[in-house]
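Starting from the given sequences, assemble the full structure and let the hints guide the process.
4 protein chains.
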Amino acid sequence: MELRSDMTVKLMKHNARDADVATAARVSTIGAESMEPGKPVEGLINYLMRDRHGSPFEHNSLTFYIEAPVMVAREFMRHRAGWSYNEESGRYRELQPVFYTPDHSRPLVQVGRPGAYLFEPGSPAQQRLVTREFRSAYLWAYEHYTLMLSRGIAREVARSVLPVGIYTSFYATCNARSLMHFLSLRTRDEKSAFPSFPQREIEMVAQAMENKFRTLMPITHEAFARNGRVAP
Amino acid sequence: MELRSDMTVKLMKHNARDADVATAARVSTIGAESMEPGKPVEGLINYLMRDRHGSPFEHNSLTFYIEAPVMVAREFMRHRAGWSYNEESGRYRELQPVFYTPDHSRPLVQVGRPGAYLFEPGSPAQQRLVTREFRSAYLWAYEHYTLMLSRGIAREVARSVLPVGIYTSFYATCNARSLMHFLSLRTRDEKSAFPSFPQREIEMVAQAMENKFRTLMPITHEAFARNGRVAP
Amino acid sequence: MELRSDMTVKLMKHNARDADVATAARVSTIGAESMEPGKPVEGLINYLMRDRHGSPFEHNSLTFYIEAPVMVAREFMRHRAGWSYNEESGRYRELQPVFYTPDHSRPLVQVGRPGAYLFEPGSPAQQRLVTREFRSAYLWAYEHYTLMLSRGIAREVARSVLPVGIYTSFYATCNARSLMHFLSLRTRDEKSAFPSFPQREIEMVAQAMENKFRTLMPITHEAFARNGRVAP
Amino acid sequence: MELRSDMTVKLMKHNARDADVATAARVSTIGAESMEPGKPVEGLINYLMRDRHGSPFEHNSLTFYIEAPVMVAREFMRHRAGWSYNEESGRYRELQPVFYTPDHSRPLVQVGRPGAYLFEPGSPAQQRLVTREFRSAYLWAYEHYTLMLSRGIAREVARSVLPVGIYTSFYATCNARSLMHFLSLRTRDEKSAFPSFPQREIEMVAQAMENKFRTLMPITHEAFARNGRVAP
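Residue numbers (this note's numbering), protein chains in the order written: chain A, -6 to 225; chain B, -6 to 225; chain C, -6 to 225; chain D, -6 to 225.
Honestly, the hints are just simulated from the structure, not real lab data. A hint or two may mislead.
Unchecked claim - Keeping only pairs whose Cα atoms sit at most 20 Å apart, straight-line, the calculated SDA-like set for lysine to any residue is:
| # | chain 1 | residue 1 | chain 2 | residue 2 |
| --- | --- | --- | --- | --- |
| 1 | D | Lys6 | A | Lys184 |
| 2 | C | Lys6 | B | His7 |
| 3 | C | Lys3 | B | Ala186 |
| 4 | D | Lys184 | B | Ala186 |
| 5 | B | Lys184 | D | Ala186 |
| 6 | D | Lys184 | B | Lys6 |
| 7 | C | Lys6 | B | Lys184 |
| 8 | C | Lys184 | A | Lys205 |
| 9 | B | Lys6 | C | Leu4 |
| 10 | C | Lys205 | C | Val223 |
| 11 | A | Lys184 | C | Ser162 |
| 12 | C | Lys184 | A | Asn220 |
| 13 | C | Lys6 | B | Leu4 |
| 14 | D | Lys205 | D | Met5 |
| 15 | A | Lys205 | A | His174 |
| 16 | D | Lys3 | A | Lys205 |
Note that the structure is predicted; figures quoted are calculated from it, not measured.
If you want it as structure tokens, here you go:
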């Protein structure tokens, strides 16, 4: 059994540059043919973001390979518009014993009221408790899973006992617009016009994706950050 | 702890009649205003289905309330186009100890090759094994969950140990077109033009939904069945 | 030939009440079954709108019948997510000579720069010019259309000469969330957090739709208006 | 004034290879990491197409630049799922006098009944008629447009008189799955499992897109053609 506290986020392929946003926007106004590649695009992209002209941010694509617990994949795949997914199948594969456990940076205790929860780290005793309980529960569940498999029970049946802390892997393809919408909801940021309260585990995935996005499309990302982190 | 083998599917509200399909189609050809309510619509609906004119089947809505294991909800919510969801939250609620266990009608043993699996019931010993292992695994997991809650651990953290066989509940809203697409993939039918191999548990949900659909829109359903169970 | 300056917006059917928003939201937190029908929902709906919990606003549907010029239908049908359409076909029907002409309330002159245009009414001479030119152009185009039809040319070919000011009719089905997104972009409102600059003709359609929406879902509409007219 | 009978279809950028389909599919079964780049993918792609596993065909993107008459753009943009658009704006730009006229290969006369129309070329007299009427109608309309512009009328108002045969330009981004769905409806093919009857003008665009697609993803295209030209 392997216990992990981190998420894997790899950018597998992409087709995403700031210049493409400008090209798509200009077809509306001065015609795509006349685009000058060298022309500065900062002002245009900032204007599009501010005035919520979203469609120019869709003509690109980013494909991520992600490893995260099932509970994170569940929240992730609620994002529908502009997202495509392929996930590891528990029907066709024997799932491997890799499970999520919080590290010391993960606050364990929730205070406040629904919709405005605050988190506190938790005492050393609580941290030890979580480590112990997670390990014990995961071991027990996986033993039951493998026992059933060894007795000929179908994978799709036996997996019922596996916990939502087990890691899964999936491909997720999006465009800059659908990615910014995802980031606006799945990261916490003081400068956001609409504060969100994502679960820490999906935020870890989102932050890693945002880092890739910032590198690929720095001007678009800067405009996103400057305009309240609201997707156009 | 409660063990269930069934799925709950309730039609909460709807706005779906065969006549609406005809009304929407006729706006294309003879004008919506001139629609004659009493005119037979069988021929028109069958023609639309056969020639894959899908959009007239979208001007309606069906809202279902569903209780099913998390593993079923996971597959369900991969359906994006024309679907809306709201699901019970493991972040905001303490999840209740209701778990899925197969009954005697559920084949437990898989034979054949990927993509064309066949199932066999399993021996009495295998059936006893599954019942015993499921119960044991569920009890153990839920005890760990409640222990962590009692020590102040946040629900969203503690839930990591809960199995995908735990029941969740959700609202799902669709239209006749998106529902037929779902049914074509999540039911098994010899008359289907494109055979599917859904997991039995989601098929149970799909069949209950199909029964509601057949009652509400009998002519549309009949045309769907007659034309290879392919969504238009 | 008929000249019109107005838009037709009829609510053909609907399945949309404020209470449904609350019901869908509560499945996340206190369980759908325990919903109390009489409980006030204002606070809950306002909270959902403010914190951008959009999915509870999707479990409903509104079907509109709309008559508007082709140029309006073109802008309208760019709205994809959560929208379904069926439109009168120029391939299957002979299109009728009904055309759009601005009335006196429609400003005719544009000043300012792209993205921040202002409009002025136009002089009496300009108003007479538009009336005269529109009528002349429409008459000429429609005569060419009917001449070609009378000589056996296919409708789908002959229609090439018809202007985008000709009226078309279509069904549009949406839910409260997709409708609010449409309204945020297709109406101009000083209280909007993100000002839009829609063409006046589509705004006329949007305003009529907003009136129907306000009547059906007054609490949702009030929360939309109060929170910057941003769709959740 | 320029009269054109052709469509412009340029592949502006892309991120689409057959190998990507296989990579996405394999994450479900043997893990993305273990993919062998050199392994033949024909069998896998054909299996995915035949059994309608659609999602692996979504992890790629193709961006087209298209010039076509407004009536074609209207039909094109009815495709919603998996499509993104940016179009030349008649509000921000003065539209240029480029119009569509059928060439000799375009059948002008429609016989048969709705849903199963046949076309015949038309007599030389009919061909001369169409050429003459189109030219006359377009000239007249454009003269009225420019006259109004010269008198200070806003572009978004004056354009009402422009015909749907005027050329527009737009960017369209899709993935292989949404493209195949488009092709299945917008091309006519005897080997298709579900025959379609697209208007010839949009079919010209679709055929040019299919040529690009076949070059980029020959194995996927071959599987599409072999399996009844039905999108998975």
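Each hint tested on the structure:
Restraint check for Lys6/D and Lys184/A: not satisfied, since their Cα atoms lie roughly 34 Å apart, outside the 20 Å limit. Simply put, Lys6/C and His7/B have alpha-carbon atoms about 11 Å apart, close enough for the 20 Å limit, and the pair holds. The straight-line distance between the Cα atoms of Lys3/C and Ala186/B is roughly 39 Å, outside the 20 Å bound, and the hint therefore fails. Taking the CA atoms of Lys184/D and Ala186/B, the gap is about 16 Å. The hint holds against a cut of 20 Å.
As the CA atoms of Lys184/B and Ala186/D are separated by approximately 16 Å, the hinted pair is consistent with the 20 Å bound. For the given pair, Lys184/D sits about 42 Å from Lys6/B by alpha-carbon distance, which is inconsistent with the 20 Å threshold. For the proposed pair Lys6/C and Lys184/B, the alpha carbon gap of about 34 Å is over 20 Å, so the pair is violated. At most 20 Å may separate the alpha-carbon atoms for a hinted pair to count; Lys184/C and Lys205/A exceed this at roughly 36 Å.
Of the pairs offered as hints, the one joining Lys6/B and Leu4/C holds, with about 19 Å between alpha carbons and a cut-off of 20 Å not exceeded. A hinted pair counts as satisfied when its Cα atoms are at most 20 Å apart, and Lys205/C with Val223/C qualifies at roughly 18 Å. Taking the CA atoms of Lys184/A and Ser162/C, the gap is about 45 Å. The hint is violated against a cut of 20 Å. For a cut-off of 20 Å, the pair hint linking Lys184/C to Asn220/A stands: about 18 Å separates their Cα positions.
In summary, the hint linking Lys6/C to Leu4/B is supported, as the alpha carbons are separated by about 19 Å, within the 20 Å threshold. For the given pair, Lys205/D sits about 11 Å from Met5/D by alpha-carbon distance, which is consistent with the 20 Å threshold. A hinted pair counts as satisfied when its Cα atoms are at most 20 Å apart, and Lys205/A with His174/A qualifies at roughly 15 Å. Distance check on the hinted pair: Lys3/D and Lys205/A sit about 29 Å apart at the alpha-carbon level, beyond 20 Å; violated.
Going down the numbered hints, you'll see the structure goes against 1, 3, 6, 7, 8, 11 and 16, while the others check out.
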